[in-house]
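S.K.: Protein chains in written order, with our numbering: chain A, 54 to 277; chain B, -12 to 108.
It cannot be assumed that every hint is accurate.
What the hints assert, rightly or not - With a cut-off of at most 25 Å between alpha-carbon atoms, the simulated SDA-like pairs for lysine to any residue come out as follows:
1) A:K203 - B:N27
2) A:K127 - A:E111
3) A:K62 - A:E101
4) A:K203 - B:F86
5) A:K62 - B:A75
6) A:K62 - B:L87
7) A:K154 - A:E66
If you're looking for bench data, these hints aren't it; they were derived computationally from the structure.
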Amino acid sequence: MERVTLERKVLSENDRIAASLRARFAQHNILCLNLISSPGSGKTSLLERTLESFDRRERVAVLTGDIQTENDAKRLARFGFPVKQITTSGTCHLDARMIEKALLDWRLEDIDLLLIENVGNLVCPSTYDLGEGAKLVVLSVTEGEDKPLKYPSIFFKSELLILNKIDLLPYVPFDISAAEENSRSVHRDIEIVRVSCQTRQGMTEWLAWLDRKREILRTAASAV
Amino acid sequence: MHEMGIVNSVLDAIRAETRRFPGGHIYKVGVRIGELAGVNPDAMSFCFEALVRGTELEPLVLEIEYCPRRCQCLACGYLYTAAQEDSACPECGMRGSQFLGGDELDLAYLEVENGARNAGT
Chain A
54 MERVTLERKV
64 LSENDRIAAS
74 LRARFAQHNI
84 LCLNLISSPG
94 SGKTSLLERT
104 LESFDRRERV
114 AVLTGDIQTE
124 NDAKRLARFG
134 FPVKQITTSG
144 TCHLDARMIE
154 KALLDWRLED
164 IDLLLIENVG
174 NLVCPSTYDL
184 GEGAKLVVLS
194 VTEGEDKPLK
204 YPSIFFKSEL
214 LILNKIDLLP
224 YVPFDISAAE
234 ENSRSVHRDI
244 EIVRVSCQTR
254 QGMTEWLAWL
264 DRKREILRTA
274 ASAV
Chain B
-12 MHEMGIVNSV
-2 LDAIRAETRR
8 FPGGHIYKVG
18 VRIGELAGVN
28 PDAMSFCFEA
38 LVRGTELEPL
48 VLEIEYCPRR
58 CQCLACGYLY
68 TAAQEDSACP
78 ECGMRGSQFL
88 GGDELDLAYL
98 EVENGARNAG
108 T
């Protein structure tokens, strides 16, 4: 009997493709964001509000993942930006190979901002690196303020928490301060914005966060 | 439930490693799963049994080392394992400690029987 030490990542193949995507995004100065939430938290609505706020000349593209249907791509395509649906046929998350394949017929030099809407699921998508610059987690006030404690992985790995549907706060027993504190107990430095995709409350803060991230990337690119 | 895909990645790695041990049989694989990896050890074991059964890999055992969140308090420097519900420092109560580990998803080791390591690999 012999014990052989391996000491490598289980998902090393996914990580290899993700690293190659990350390098290509860096080469073309693309900010890539991976949006993750449970189903129905409002990822698509947030993207609708985001795309409608952009000037048509913005070089934005969207990949949206679902197990079935092209519904989300149809909802998002009406803003005039390139949108592609990735249907996973049962798989509960996007992986790096799906992103690589979806990007095959897009020219990366025409994109500055790539928004990826992951499959609605608070667990599995957190395990797969897509080559993104940052993960974002969306949590809506109709869920529960203890979600960050129940599903720590995604809150730990996300740079920004978007608390959505805050227009419903008067009608639901959701303790928003507890939700924020729970998120920070899992991830000390997580940034938080509160939004409503219905009333557009908080959209300014969210778009400012996005601008800040894009500015950081532009500054870094021009310094090279 | 993405453990099936993760187990497939583990088995792919084992099949690739088999070539390094001509005449040997890999009978155990050690995997390290952190609490923050987003992987359920029970589901992983279940998928592992299902995917190994009836294949050339039998009898292959999966050994999982489950790793809790490890933190260091920024205020008092105390090193501790964070409880499931609360990551506050048990010494001084301060929240927002520095994260040291607990998000692993690693292929740690194999145990091989009667297999000479293939020289040059």
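S.K.: Next, verify each hint and record whether it holds.
M.R.: Evaluation of the provided hints:
1. A:K203 - B:N27: Judged against 25 Å, a Cα distance of about 13 Å means the pair holds.
2. A:K127 - A:E111: Cα-Cα ~19 Å, so holds.
3. A:K62 - A:E101: violated (36 Å)
4. A:K203 - B:F86: OK: A:K203 and B:F86 at ~18 Å, within 25 Å.
5. A:K62 - B:A75: violated (29 Å)
6. A:K62 - B:L87: OK: A:K62 and B:L87 at ~17 Å, within 25 Å.
7. A:K154 - A:E66: With a Cα-Cα distance of about 15 Å, the restraint between A:K154 and A:E66 holds, given a limit of 25 Å.
In terms of the numbered hints stated before, the structure departs from hints 3 and 5, listed from lowest to highest.
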